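Colleague: Below are the chains, spelled out letter by letter.
2 protein chains.
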Amino acid sequence: MKKLINDPRAVVDESVQGFGLAHADLVSVSADPLFVFRREPARQGKVGLVSGGGSGHEPLHAGYVGLGMLDAAVPGAVFTSPTPDQILPATLAASTGAGVVHIVKNYTGDVLNFETAAELAQAEGVEVRQVLVNDDVAVEDSLYTAGRRGVGGTVLIEKIAGAAAERGDDLDAVAAIAQRVNDSVRTMGVALAACTVPHAGVPSFELAEDEIEIGVGIHGEPGRHRIAMESADGITDRLLQPILTELDLAAGAQVLLFVNGMGGTPLSELYIVYRRAAQVLAEAGAQVARSLVGNYITALEMQGCSISVLRLDADMVELWDAPVHTPALRWGV
Amino acid sequence: MKKLINDPRAVVDESVQGFGLAHADLVSVSADPLFVFRREPARQGKVGLVSGGGSGHEPLHAGYVGLGMLDAAVPGAVFTSPTPDQILPATLAASTGAGVVHIVKNYTGDVLNFETAAELAQAEGVEVRQVLVNDDVAVEDSLYTAGRRGVGGTVLIEKIAGAAAERGDDLDAVAAIAQRVNDSVRTMGVALAACTVPHAGVPSFELAEDEIEIGVGIHGEPGRHRIAMESADGITDRLLQPILTELDLAAGAQVLLFVNGMGGTPLSELYIVYRRAAQVLAEAGAQVARSLVGNYITALEMQGCSISVLRLDADMVELWDAPVHTPALRWGV
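Protein chains in written order, with our numbering: chain A, 1 to 333; chain B, 1001 to 1333.
Read the hints as simulated data drawn from the structure, not as lab findings.
Careful: at least some of the hints might be erroneous.
[Stated by the list, open to error] With beta-carbon atoms standing in for the labels, derived distance ranges:
(1) A:Glu246 - B:Thr1245: 55 to 63 Å
(2) B:Pro1041 - A:Gln122: 18 to 26 Å
(3) A:Asp248 - B:Asp1183: 29 to 37 Å
(4) B:Gly1285 - A:Trp331: 31 to 39 Å
(5) B:Ala1314 - A:Gly332: 25 to 33 Å
(6) A:Pro242 - B:Asp1032: 35 to 43 Å
All values derive from a computational prediction rather than experimental measurement.
Using N, Cα and C, we set each Cβ at its ideal position, and we do this for glycine too.
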């Protein structure tokens, strides 16, 4: 294992410290318990938005703390849920009296720990709504999940719900739009090569030189099947087909197309995938109205990508386009 | 070799096609000869800014086409200079009558082909200034270079010179600020693992499991020496020391600290490097006034990073902060 790290046990703390230094204009870091929150508190009466989960998916989630997106993010150990004693103070920091929405990727540990923290926050007078992200069409249950996994759609939900909160939507409305985005987005990923968790020191799975994993999860957990390496176009078709089957887009439907890198794949390859995905969507009669291409929810240095398609409505487009100012996503400001 | 590509010979064309589709609001693509230019022409009288070079360094350069940065970018084959017949029409497309600055990384083929194109453009009445980027402190000459290589500083030069052009600076002034940034920035990189050029099909060099290349170039060309793997802090110190020796910062000097990923290294590791670099700069009495962390000039899926330090002056800070709206860098708009 060769990584730009010091002590494997200090990876998350040191990385978040560096993140806090690099983005001190936007975020503050609580070192113990570890969480990241907006440097400038949101205005009173704004619904708070908190997310979190295992580290190793950077820039998710801390990279999305700031105006128009998250109020706080809670990084766990690598690929390990954060604990309620981190999530609770992050929730309290995000609260301005209008309630807090927890955006939680559907992994057993995350769900449990966010629920516990929500109960504790409610005992302190903060109303909390939990929205589960489960956009992965690859598998129904998995190594770490009952039901579907939360993957690429998380980024879109955090952006759109964050804009709704910034606009002044109330707690129920912010939770509702987050839920609507989740219900309208589907994702599927592929791995060409595994990643290595620092404290494990060996790759989390093995793929032969000519083998890829279709439907892989963002922790390298198994997907649908392993197949021999194919062309980018062939792989793109395999990822898109189940997404399109599920979304059942009407002719002329507007969509957001999100091609996400897993961390170790060059941007140039993501654009080759985007090219084919845009062709397939056009052939299916959909209109790609918005796009996102890059490394936004990763699995350390895993090689591969995921494709997400979000069926847009007018409100989602307005909220997607609204200003956002975070370390990893910024426009309009 | 496992890559998300179709035909290795079509990698650049297909990737740029996808890029053009994903960012059709910002850029247009000329397919043959291949170059990328702003969708909305710059206002008449603005100095044009053109860059280019071998592909494989994405988002450089096409990702920086747009308001406040480049007017056109010219992608060559992977790690191969673009040709004058691409650079000439890109230069003409970028011209509004006030002259054009070519930002050229100091590689023999790039320098030659941009010079040839500049002569052809001048024969058509477009005045051209060439600014060479040679910020790499690692080696004096290299496999592809007489003199120092152009690496991470290129991104900073394109941003700052682009803002100067947008502000209305004339041809000499834009060339001068580009030159001043080049003279004030130093960079050094490290590779933990090599990359594979698609049409070659095998890694461009080999590193043993416990070996890293200090001072590597952005094509995997050799650097200063190979050493046994070290801690992130140790590597950071090795990269920074020659930079600081050369920059000879005065106490209280303001700097921009840029930690750049080579393409295959997780963002979390870049922040660990940033953390140490910020510590060392503080100990050296410098003030980190601006920061950039991420994959901005890459070498396909190479694992590793580079550190750039730019000694700032007040004008550079103003130009750095000025609005930019490109596919890969955006703020203030």
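Colleague: Which of the listed hints are not met by the structure?
Modeller: Going through the list in order, the structure violates hints 2 and 3 and respects the others.
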